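Taking the hints into account, I'd like the entire structure generated from these sequences.
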Amino acid sequence: MNGHSLEKLVQKDYQYGFVTDIDTDTVPPGLNENIIRLISAKKNEPEFMLDWRLKAYRHWLTMKEPTWANVHYPAIDYQKIVYYSAPKAKEKLKSLDEVDPELRKTFEKLGISLQEQERLSGVAVDAVFDSVSVATTFREKLSSLGIIFCSFSEAVQNHPDLIKKYLGSVVPYTDNFFATLNAAVFTDGSFCYIPKGVRSPMELSTYFRINASNTGQFERTLIIAEEESYVSYLEGCTAPMRDENQLHAAVVELVALDNAQIKYSTVQNWYPGDKEGKGGIYNFVTKRGKCLGKNSKISWTQVETGSAITWKYPGCILQGENSVGEFYSVAVTNNYQQADTGTKMIHIGKNTRSTIVSKGISAGHGQNTYRGLVKIMKNATGARNYSQCDSLLMGDQCGAHTFPYIEVKNNTAQLEHEASTSKIGEDQLFYCRQRGISSEDAVNMIVNGFCKQVFKELPMEFAVEAQKLLGVSLEGAVG
Amino acid sequence: MLEIKNLHTTVAGKEILKGINLSVKAGEVHAIMGPNGSGKSTLAQVLAGRESYTVTEGSVTYEGKNLLQMPPEERAREGIFLAFQYPIEIPGVANAYFLKTALNAIRKQRGLNELDAMDFLSLVKEKMKLLQMDAAFLSRSVNEGFSGGEKKRNEILQMAILDPKLALLDETDSGLDIDSLKIVSEGVNALRSSHRAIVLVTHYQRLLDYITPDFVHVLSGGQIVKSGDKNLAHELEAKGYGWIEKQEAHIQRV
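Chains A and B, in that order, are what the protein sequence lines are. For the first sequence, our numbering gives the first residue as 36, with consecutive numbering after it. For the second sequence, our numbering gives the first residue as 2, with consecutive numbering after it.
Do not rely on the hints blindly, as some may be mistaken.
[Said to hold, decoys possible] Computed footprint of chain B on chain A; a stretch qualifies when at least three of its residues, placed anywhere within it, have a C-beta under 8 Å from a C-beta of chain B:
hint	region
1	448 to 462
2	465 to 478
3	484 to 491
[As the list claims (entries may be wrong)] Some but not every residue of chain B turned toward chain A, in silico, with C-beta under 8 Å:
hint	residue
4	77
5	91
6	103
[Said to hold, decoys possible] List of simulated lysine-lysine pairs, DSSO-like, C-alpha gap at most 27 Å:
hint	chain 1	residue 1	chain 2	residue 2
7	B	183	B	231
8	A	200	A	90
9	A	329	A	385
10	A	385	A	231
11	B	166	B	183
12	B	126	A	491
13	A	458	B	15
14	B	126	B	109
15	B	130	B	166
16	A	503	B	109
17	A	199	A	329
18	B	126	A	487
Just so you know, these hints were derived from the structure itself, not from any lab. These numbers were taken from a predicted model, which means no experiment stands behind them. No residue lacks a Cβ here, since even glycine has one placed at the ideal position from N, Cα and C.
Laid out in structure tokens, this is it:
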């Protein structure tokens with residue numbers, strides 16, 4: 036293709052391209068270098084970002100979609116996905132009053148009125164609606180401590196050095212099919228920087244929401260905790276009903292320096308599809324933290340109740356000496372949901388420790404797979420791991436699978452692995468009901484008890500939300 | 002209070018109860034004794050609403066209502082309590098939470114206010130004294146890691162708190178050492194009252210040394226073959242269940 040016809044093609048796409056209805060600014064479906072240039076240009080990105088995206092895209096073209104996961108779905112046509120959709124560009128917002136009232140209504144329906152958030156909860160919210168952040172609260176309070184908490188796009192504009200230094204340092208653009216796709220086309224996400232010695236005075240929280248139909252969501256989050264700092268980050272999601280499957284391929288990178296601690300909690304409740312499994316979100320996410328400094332600690336806690344398919348392995352690279360990685364997970368699959376989730380703990384430094392607690396709950400026709408890797412490298416003398424994988428089955432149409440992988444290259448390592456599979460017993464249910472407790476409440480109680488080890492790792496208000504979610508997710512699971 | 006007429010039940014196609022007749026009034030304590038496999042536990046489970054048993058014939062009336070049509074939780078809320086022979090473990094669910102949920106479900110049915118945490122706690126602590134239970138018990142998971150004695154004591158504690166009208170105690174004495182047996186029996190005795198009926202299911206006479214029944218029934222082959230007062234239990238203890246079975250055989254021959 037010569038330069039001239041390329042230009043024509045761009046023109047043509049552009050001509051038909053922007054499906055600008057009242058509120059949304061959308062590029063045409065499909066993926067090529069021009070779309071990537073367009074995304075980068077629309078976001079007014081510096082050169083290095085565009086280069087990085089293009090490198091990722093070119094690498095992606097050489098990759099094949101992975102098939103090793105224990106999940107099944109019809110082939111995704113990546114040329115049918117719309118890669119950019121943004122609420123109509125407006126002047127920069129100075130206060131919440133400037134947010135589109137329609138948008139505000141939606142947030143209120145989701146129970147996340149920003150006003151209330153600001154006034155009552157003491158949680159700073161970086162609300163992502165579709166792909167662009169529309170409002171950020173508490174920024175001033177945080178910035179007085181030197182904490183940067185903003186959208187990824189803003190960080191690219193205002194803190195390009197930090198982005199340049201850390202972007203892709205944990206999840207390189209070559210990492211895997213979905214992460215590479217994300218690197219090429221991601222539109223926004225969150226950025227968080229905690230300076231040396233600072234303890235974030237509040238839990239930082241982002242609510243994601245998928246809105247525009249057929250828009251793949253490609254979020255990217257980067258959190259950097261400098262020496263001696265601490266941050267607790269909450270990620271929570273809801274999504275409205277959808278008929279078409281929606282691809283979500285996010286990337287989260289965490290970096291913890293000497294003596295720093297990052298606690299990352301997720302409650303994920305995306306549309307799981309209807310009772311026959313129609314619709315629902317495909318959640319193919321790459322999350323990884325790097326304990327770069329000595330004595331650093333990264334904890335992942337996740338409660339996964341939504342999505343038609345979950346493919347997710349939040350992991351820790353334990354590079355610094357004495358660093359600690361933790362993974363606490365509850366994954367629920369009901370109806371026709373499928374989940375293949377777990378963690379990777381890569382022990383590189385001396386005396387590194389990791390803990391894995393995974394609780395899988397399967398109901399209906401749900402398929403729940405735990406897949407985890409514990410890798411002890413040659414120099415990781417004194418490394419220790421404790422893994423516990425428990426599965427709970429409800430009914431006889433569902434499935435639970437466990438694939439623990441262990442690679443040990445240092446013989447001083449100590450690893451423990453415990454696994455159990457149980458069924459919500461007839462006996463347990465009868466016992467509860469004989470005490471006057473309804474079947475539904477009994478199931479909730481038993482399931483919550485099963486998940487307690489994980490819930491206690493969540494911040495209080497999240498734990499309450501998670502318990503409710505579990506109840507809703509398993510409604511009607513036991514007749 | 003409870004009227005059982007010609008009750009037949011099967012489990013997995015096998016008939017276990019073959020025509021039980023029994024009448025229990027408020028304030029009475031009945032002991033149902035019998036050899037292993039005679040159907041004692043089945044009777045207790047059927048009355049509590051266990052769904053794996055099928056009632057093929059007969060009727061059970063409880064306070065004028067058809068008991069067999071009620072699901073287990075409704076029976077519980079109407080005042081039927083079963084102390085399990087093998088109490089079930091529920092990992093991760095604190096005893097206090099479990100009990101409070103159960104109590105409030107039952108109180109609601111009785112038109113009473115739900116108890117708040119403070120009131121509940123003072124009620125539980127009072128009842129725990131009765132059964133000599135440690136305060137740490139409240140935060141432990143339901144029956145998880147409990148010794149046999151602790152499990153049985155927990156059942157009686159639940160009974161004390163839920164204040165049933167009809168308590169069915171299924172082999173509450175099994176697996177108890179003598180000290181626990183005393184504590185549990187004292188707990189049960191303290192709960193005897195004119196508005197409550199208690200049905201004890203037991204294999205041994207031992208329990209009846211501590212809890213004196215008003216009536217003793219002997220269950221054999223799915224039927225009540227002999228009824229009497231507490232002396233029947235002593236007689237059984239002395240002569241063994243073989244005595245009843247021989248008598249029965251004799252009656253059949255005649």
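Hint-by-hint comparison with the structure:
1. 448 to 462: Coverage by chain B holds for the region 448 to 462 of chain A (3 residues, Cβ < 8 Å).
2. 465 to 478: holds (count 11)
3. 484 to 491: holds (count 5)
4. 77: With Cβ-Cβ at 4 Å, under 8 Å, it holds.
5. 91: At about 6 Å, which falls below the 8 Å cut-off, the nearest Cβ of chain A leaves the hint on residue 91 of chain B intact, so it holds.
6. 103: With Cβ-Cβ at 4 Å, under 8 Å, it holds.
7. B:183 / B:231: 19 Å, holds
8. A:200 / A:90: 17 Å, holds
9. A:329 / A:385: With Cα atoms ~9 Å apart, residue 329 of chain A and residue 385 of chain A stay inside 27 Å; holds.
10. A:385 / A:231: 24 Å, holds
11. B:166 / B:183: With Cα atoms ~23 Å apart, residue 166 of chain B and residue 183 of chain B stay inside 27 Å; holds.
12. B:126 / A:491: 26 Å, holds
13. A:458 / B:15: 26 Å, holds
14. B:126 / B:109: Between residue 126 of chain B and residue 109 of chain B the Cα gap is close to 22 Å, so the pair holds against 27 Å.
15. B:130 / B:166: 22 Å, holds
16. A:503 / B:109: Holds: residue 503 of chain A and residue 109 of chain B sit about 22 Å apart, inside 27 Å.
17. A:199 / A:329: Within the cut-off at roughly 23 Å; holds.
18. B:126 / A:487: This hinted pair holds, its Cα atoms lying about 25 Å apart.
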